[in-house]
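Here the protein sequences come in this chain order: A and B.
Residue numbers for the first sequence follow this note's numbering, beginning at 1 and rising by one.
Residue numbers for the second sequence follow this note's numbering, beginning at 1 and rising by one.
No wet-lab data here; the hints were simulated from the structure.
Check before you lean on any hint, since a few could be wrong.
[As the list claims (entries may be wrong)] Far from chain A by the CB rule (all over 12 Å, computed), these chain B residues:
no.	residue
1	SER50
2	VAL91
3	THR112
4	GLU139
5	ALA159
6	GLU162
7	GLN166
8	GLY168
9	ALA170
10	GLN176
[Claimed, not checked] To spell it out: a stretch of chain B is covered by chain A in this simulated footprint if at least three of its residues, at any positions, have a beta carbon under 8 Å from a beta carbon of chain A; those stretches are:
no.	segment
11	92-99
12	118-128
The beta carbon of each residue, even a glycine, is placed where N, CA and C say it ideally should be.
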Amino acid sequence: MSDDREPDIEFRSRVRARRLRFHDDPEVRIDATVSGSRRVNLPDRVRRDVTYRDVQVDEVILARLED
Amino acid sequence: MNLPDSTGGGIPIPEDDRRPTRRTPPRSAADGTEAAARRSGDGHRAEAASRPDVYLDVPRLEVEHIGLEVEDLRAKVSLQAEVLNLLKLNVGVDAQLGKVALEIDGVQAEATLKVRLDEVAGIIDRVLTTIDRNPQILETIARTAQDAVQEVGSGVGDAVGELGQQAGQAVGELGQQAGGAVGELGQQAGDAVGQVGEQAGDAVGQAGDDAAASTTGSGSGSDDRPAEQDQGGRGQGGRGGGRSPRFGATSRPRAERRATG
């Protein structure tokens with residue numbers, strides 16, 4: 001797989017929130033060539049019943065045809 | 001974590017890509033990157049290469065409060081392409097949310113989805129070029145498909161023939177068994193009615209004899225059981241003496257008609 005060419009499918013999103021609170025530990029799975037997030041005021045593993053404030057999450061999901 | 005960014009900047013969504021939500025029509029293989037670049041010159045090659053074939057943009061979304069509780073939610077974005085039995089391409093993103101329950105206030109969101117078909121178009125172009133230079137590939141594929149269709153048709157015909165034959169045999173056997181059962185039923189019904197008639201005749205005859213004997217020999221002893229003897233004598237002896245032969249004779253054909261009809 002060559003990383004120099006652009007992905008065949010590209011999804012990017014940015015979410016900002018004043019207040020965020022999880023009532024359960026989330027179970028999330030993403031299958032793609034590349035996926036990841038950059039977070040502000042939010043840990044990689046969030047905890048239930050904890051209030052996070054002024055958070056920002058930049059999410060990127062990329063998929064490429066493999067040679 | 002370093003996130004891949006095709007624009008070279010640190011912002012996931014470049015400013016020049018933020019346009020109102022729209023979809024651009026996919027370019028055909030004949031109008032691919034190289035053809036467009038030859039027409040427009042080298043200056044436009046990079047632009048044509050980076051332009052997505054599908055572009056979905058949510059530039060700004062604001063929600064004051066979201067309460068979300070989901071279980072087993074699945075989202076898929078998939079790109080599939082097939083050429084006969086020669087090529088099957090599948091590239092996609094699969095996201096699964098097993099369980100999520102959250103509340104979020106003061107939300108601002110933006111998102112983009114881009115799909116580029118250049119690579120898929122290039123692969124399909126190579127496949128079609130190969131077929132163009134080697135047309136015997138199509139003959140092989142057509143022959144394989146024809147054999148498969150013939151096998152399926154032959155199997156279906158045999159199955160239908162066997163099914164019809166077995167169904168016919170089953171119907172014949174069922175008819176024979178039904179006829180036999182009806183015949184036996186009629187015969188047994190007739191025999192049963194005959195036996196009932198004969199036993200009734202015998203009983204009536206015997207009752208008549210007993211009644212006659214008791215009437216002739218009991219001038220003073222009849223007060224012991226007058227009612228029973230009267231009922232018995234009328235019910236059995238009176239009818240039996242006159243009707244027992246007719247009862248047996250008329251009931252048999254009626255029962256046979258009912259059984260065979």
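8 Å C-beta test of the segment 118-128 of chain B against chain A, three or more residues: Satisfied; 3 residues make the cut.
In terms of beta carbon proximity below 8 Å, does the segment 92-99 of chain B have 3 or more residues touching chain A? That given contact holds, which follows from 8 residues of the segment 92-99 of chain B lying within Cβ reach (below 8 Å) of chain A.
Mind verifying the non-interface call on B:ALA159? Its CB should be farther than 12 Å from each CB in chain A. Its Cβ never comes within 12 Å of chain A, the nearest being 42 Å, so this holds.
Least C-beta distance from B:GLU139 to chain A larger than 12 Å: Holds: least Cβ distance 29 Å, greater than 12 Å.
Interface exclusion of B:ALA170 relative to chain A, criterion Cβ beyond 12 Å: holds, 53 Å
Check on B:GLN176 being off the interface with chain A, judged by Cβ distance over 12 Å: Non-interface label on B:GLN176 holds, nearest chain A Cβ at 64 Å vs cutoff 12 Å.
Chain A versus B:THR112 - minimum CB to CB distance exceeding 12 Å, so not interface: The claim breaks: B:THR112 does not keep its Cβ more than 12 Å from every Cβ of chain A (closest is about 5 Å).
Using Cβ atoms and 12 Å as the threshold, tell me whether B:SER50 really stays out of contact range of chain A. Nearest chain A Cβ is 6 Å from B:SER50, so the label is violated.
Non-interface claim for B:GLN166 versus chain A (Cβ beyond 12 Å): holds, 50 Å
Take a quick look at B:VAL91 and tell me if its Cβ sits farther than 12 Å from every Cβ on chain A, holds or violated. violated, 5 Å
12 Å Cβ clearance of B:GLY168 from chain A: About 55 Å separates B:GLY168 from the closest Cβ of chain A, which puts it past 12 Å; holds.
Classify the label on B:GLU162 as holds or violated, using whether its beta-carbon is more than 12 Å from each beta-carbon of chain A. holds, 47 Å
Consistency note: the structure conflicts with the earlier hints numbered 1, 2 and 3.
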